[in-house]
Amino acid sequence: MRVLTAQPAGAGAESFVSEHLMAEPVERSDAVLVRRSQAGDTRAFGELVERYMRRAYYGALGLVGSPDDAMDLSQEAFARAFRFRDKLDPDRPFYAWLYQILRRLCFNFVRDRRNNRRKLTAAAPYLVGLASARHSGANPDKALERSEARRRVRAAIESLSDRDREVLVLKEFEGLRYREIAELVGIPIGTVMSRLYEARRRLAAALEERS
Amino acid sequence: MSAPDREKLRVLMMAALDGEISPGDAEELEQGLAADGDLRQEWESMKRVKEVTGEMGFRKPPEEVWGRYWTSVYNRTERGIGWILASLGTIVLAGYAAWEIVQQILANSEIPLVIKLAIFAVALGGIILAVSVAREKFFIWRKDPYKEIER
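Listed in order, the protein sequences are those of chains A and S.
Each residue of the first sequence is one higher than the one before, starting from 1 at the first, in my numbering.
Each residue of the second sequence is one higher than the one before, starting from 1 at the first, in my numbering.
Just to be clear, a hint being listed does not mean it is correct.
Said to hold, decoys possible - Below, simulated DSS-like cross-link-like pairs (lysine-lysine); rule was C-alpha separation at most 27 angstroms, straight line:
no.: 1; chain 1: S; residue 1: Lys-8; chain 2: A; residue 2: Lys-142
no.: 2; chain 1: S; residue 1: Lys-137; chain 2: A; residue 2: Lys-87
no.: 3; chain 1: A; residue 1: Lys-142; chain 2: S; residue 2: Lys-137
no.: 4; chain 1: S; residue 1: Lys-50; chain 2: A; residue 2: Lys-142
no.: 5; chain 1: S; residue 1: Lys-47; chain 2: S; residue 2: Lys-8
no.: 6; chain 1: S; residue 1: Lys-60; chain 2: S; residue 2: Lys-50
In short, the hints are calculated from the structure, not lab data.
Using the sequences provided together with the hints, build the complete structure.
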């Protein structure tokens, strides 16, 4: 086991990382950062964290649906990635590797939550209407109707199977292309499309119920 | 229209919705939709879904959480190493202490046989429980659909 050698700890880590990042404006490739992390450079790993933390958070949020849990699980994924960084091939995309850890953590978390019969009790919905959608149009009836449609779709998304929801979220809310989804999830593009179809069919049924 | 043809057109619908359809496939989809009223209706429903999801996005957390993020990851990493070391040390020490105590009790002729048998039962029960839990975990792992995912 490799023990941490660079110093950031507690509040010091924040300034340490930000100073370091600001001092080196040239963006290094993931492969370089991974190699340096493997050589024991904690700052290099910190740079990878800074680079992918938002993506990891939103990836987890789409899978577990709770902001607090998504924050916790995404941080845990980075912590595990750090522990197992020696197993990573620097020439493979870092985020694809991290995502494998993240989705496993998230699926386990969702399974445990289901086994413990704990419902998702988010204080506020994690999917919201975009500002452009909320403020467009002056017709209040139309706005209400669209808001209701979003509510129904949101509920339908939460009732999807984990695998269908994962693909839908990666497509709709992270804006990935089919090829990128296939690489991240480790499935053929045809399966991406069929899962998307199944997910959207259910969302369409939820919208139809209304009328 | 045959079921496989419909399945293919449904997949093409997804590609069309997401802007990943080739011109040739788009033409095939158009012809298919023109020939099948049910599929055309399904296509309209899917477009409506796409429209609604297009108006939705993730709720953003407060910006300051990103400033603390790396610190939290770092602390978590540090604590993980601490937990592993502390757990390993505790297991070794507890095992050694238990072995010493059992040895002393068994060597003590003043302790009644029934107590010695009870100690033996506790030890045996503990071993059976540990093996049972380990076996259960192993079978769960074997059936875990995500076990192929590299950690």
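Compare the distance between the alpha carbons of Lys-50 of chain S and Lys-142 of chain A with 27 angstroms, and conclude whether the hinted pair is satisfied.
Holds: Lys-50 of chain S and Lys-142 of chain A sit about 17 angstroms apart, inside 27 angstroms.
Given the hinted pair Lys-137 of chain S and Lys-87 of chain A, is their alpha-carbon gap at most 27 angstroms?
At roughly 24 angstroms apart (the allowed maximum being 27 angstroms), Lys-87 of chain A and Lys-137 of chain S satisfy the hint.
Just to be careful, I want the Cα atoms of Lys-47 of chain S and Lys-8 of chain S compared with a cutoff of 27 angstroms; is the pair within it?
holds, 17 angstroms
Going straight from one Cα to the other, do Lys-60 of chain S and Lys-50 of chain S come out at no more than 27 angstroms?
Since the Cα atoms of Lys-60 of chain S and Lys-50 of chain S sit roughly 21 angstroms apart, the hinted pair holds (cutoff 27 angstroms).
Restraint check for Lys-8 of chain S with Lys-142 of chain A, where alpha carbons must lie at most 27 angstroms apart
violated, 35 angstroms
Restraint check for Lys-142 of chain A with Lys-137 of chain S, where alpha carbons must lie at most 27 angstroms apart
violated, 53 angstroms
Against the hints set out earlier in the document, violations occur for numbers 1 and 3.
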